[in-house]
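**Q** Given only the sequences and the hints, what does the whole structure look like? Please build it.
Here is what each chain is made of, one letter per residue.
Protein chains: 2
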Amino acid sequence: MKAELITIGDELLIGQTVDTNASWIGEQLNQLGIDVNQISSIRDDRQHILDSLKLSITRSQLVILTGGLGPTNDDITKKTLCEYFNSNLILNEAVLEKITAYFQSRNLELLQVNNDQAMLPNNCTVLENSRGTASGMWFEKNEVVFISLPGVPYEMKGIFSDVIIPKLKGEYLASNVLNKTIKTQGIGESFLAELIKDWEQELIEDGLKLAYLPSPGIVKLRITAIGNRENELRNLIEKYVQKLVGLIPNYIYGYDKDKLEQVVGELLAKKNASLSLAESCTGGNLAHMITSVSGSSSYFIGSVVAYSNTIKADLLNVNSELIHQYGAVSKQVVEQMALGANFRFGTDYSIATSGVAGPNGGTEDKPVGTVWIAIAADEKVYSKRLTLGDNRERNILISSLSALNLLRLKLLE
Amino acid sequence: MKAELITIGDELLIGQTVDTNASWIGEQLNQLGIDVNQISSIRDDRQHILDSLKLSITRSQLVILTGGLGPTNDDITKKTLCEYFNSNLILNEAVLEKITAYFQSRNLELLQVNNDQAMLPNNCTVLENSRGTASGMWFEKNEVVFISLPGVPYEMKGIFSDVIIPKLKGEYLASNVLNKTIKTQGIGESFLAELIKDWEQELIEDGLKLAYLPSPGIVKLRITAIGNRENELRNLIEKYVQKLVGLIPNYIYGYDKDKLEQVVGELLAKKNASLSLAESCTGGNLAHMITSVSGSSSYFIGSVVAYSNTIKADLLNVNSELIHQYGAVSKQVVEQMALGANFRFGTDYSIATSGVAGPNGGTEDKPVGTVWIAIAADEKVYSKRLTLGDNRERNILISSLSALNLLRLKLLE
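Protein chains in written order, with our numbering: chain A, 1227 to 1639; chain B, 1227 to 1639.
Rather than coming from a laboratory, the hints here were simulated on the basis of the structure.
Wrong hints could be hidden among the right ones.
The list treats identical chains as one, so a pair stands whether inside a single copy or across any two.
When the alpha-carbon atoms are kept at most 30 Å apart in a straight line, the in silico DSS-like pairs for lysine-lysine are as follows [unchecked claim]:
no., residue 1, residue 2
1, 1469, 1324
2, 1435, 1592
3, 1367, 1393
4, 1435, 1606
5, 1483, 1606
6, 1305, 1228
7, 1485, 1305
8, 1497, 1435
9, 1367, 1423
10, 1324, 1636
It should be emphasised that the depicted structure is a prediction, and the values quoted were computed from it without experimental measurement.
**A** Encoded structure:
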């Protein structure tokens, strides 16, 4: 079954709204084993909607539209669908009752435009919207299913989860699509591709697909399998995942929806261990990533963001002589920072960062992108130098991710 | 000039990646006065790319493609474009030199796949990518312009800003489109709309356009003028900006590309004043925002991220009795945190935050979203309570922005 999505709304085309509906629906369909062929974002325009419907029917067996079902004049999806499906609008008593109750419960006056939302096409299945006033609609024409949903994400997701998923599962689905994403940190896309090329070749010969999904500091690998024998495919994917773990054990930090800061948090919690930070070049971003995880207060104690050298000495007990002799961006200083945080916060583990984030401030010895990371635990300290580029934002992000992955490896030792 | 965007990549269709490239390009084109007609997201599939190109030419004069230019096997955009435009790949010496230098500067080995990225179509204009190894390509066919860009947002945006905007402006655009964006913090979209409705009405009657662009903690207002008399339009926009400043002086923190953390940094630098932080609920994000500004080390001294109460007492001299009596999320404690940071770091200004970021941890007295912010200067302290929602990420972001805006207003007193 091939699907396509048509998201309707001027705001999507001028960059006012990022189309998160399309990616959400794409993920849901993918998990149901339905291939999404194309996503088209178009204007609130009658002819454009009609043209898109006509095209979609040549490519897909399931067409899902979002947007343009609101009560205002620029919302023209419903009347355009009526034209396309030769429908008449008829009053749906059940929907009217719900809309009336919705307005009464909020002490709001029921306007004519809201009343009109209970007028629905006579040849569709009405999909109940328990979170708002715009109903979903399910049409069938020439063996293609067309579903129209409101654009408000909260309402769209409600109808999709409550009504559409059960209906698709019950009546339409045959074969499965399985995905597994493996997440790596610490190796670039092309080096990774080189390292695993035999594995990739074998995987493709076994009928699986592989995609590389790079983002700053991280490369994700997605394996896809399509077919009917779900268990067999799942085992085949698992076999390749295990082989990959054997090939590049230190780079893989998680799978699917895992985040590195979460994985590290879980390892700390499991060990009943605490963490503190001494951040210079990451400037608070490492603390921010760690505390973005709900519940992090059970293992994260705190951080000193030591931007000035005086603070490195005062709060982290770094020897001023060392800063003078080697500079703040050095193995010697970053190691003292980590040990200083460990002592100051009394934690089991500490991470320290010091580097030239850029775009200015580099020297011949220490060009922009030079970063030192240290991990301290049990009065021992281990450090590593990174050589990054000249983009400040990327350098901060990659340094933070690298530091988290170093800690992860320490925690696994 | 009508444009359309084709974003290529399986990850966009299965919901693994939200298509932020399309909305970013849509916004850029909109600001140039170019109508975006359609956005199509399609698979890394030769036939699908060819079909989409054939369709686009019937609707648009400008077609921008992103994605599929990486060095790995699943990136097939370049060879498909070669087929569509009857191109041959030839070695581009300048690009090869840049790729080689890029790898050398990072002490990385140049692989064959990277080398292949210097092989480019003989009948396109190569668009320099100063941030990565995949060049952009500019083709023309039957008076339609086709531009192919890498999918990595950082690289795509770089080429777009550095090369494409100047080229479009210089060679393709007739009438002027002028935009001015006014940035506000501390007021919601609907309250703002109510407050400025007469101003908005007058602006529209004067032939200008207004767009509200809300994001967490910030509402941007974009005024657009289209026409040929550039100076006249510029003055007209300026008149409305000045009127708006009179209406809502405290909410406006900047214009166009201004960032709040940058504006605050400039105010601090101008006063030759220093800043430190004591962060609890913002967990390092405030320090991260401030240090994301290059040169911030001239005014930012450091931060204590005090996630545990012990650290609030040890490093920020907060009286443990107060924490016991009022709780960590209280006016009393956040004010002591700010004063403590001021003393500990010896700075002119300090900001402190303490709150329940959520989604868990709320009580009846202090539900999730309760946040206290304090600003200390000259041994005086001022604090404010915010009541936010239950989304952790949004709460951290809005708290950070609110704290920065409070400091901005203090600095302007």
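**Q** Decide, hint by hint, whether the structure agrees.
**A** Checked hints:
no., hint, verdict
1, 1469 x 1324, "neither (50 Å within a copy, 36 Å between copies)"
2, 1435 x 1592, "neither (42 Å within a copy, 50 Å between copies)"
3, 1367 x 1393, "within (17 Å within a copy, 46 Å between copies)"
4, 1435 x 1606, "neither (44 Å within a copy, 62 Å between copies)"
5, 1483 x 1606, "neither (33 Å within a copy, 46 Å between copies)"
6, 1305 x 1228, "both (26 Å within a copy, 26 Å between copies)"
7, 1485 x 1305, "neither (40 Å within a copy, 34 Å between copies)"
8, 1497 x 1435, "neither (37 Å within a copy, 58 Å between copies)"
9, 1367 x 1423, "neither (46 Å within a copy, 37 Å between copies)"
10, 1324 x 1636, "neither (48 Å within a copy, 37 Å between copies)"
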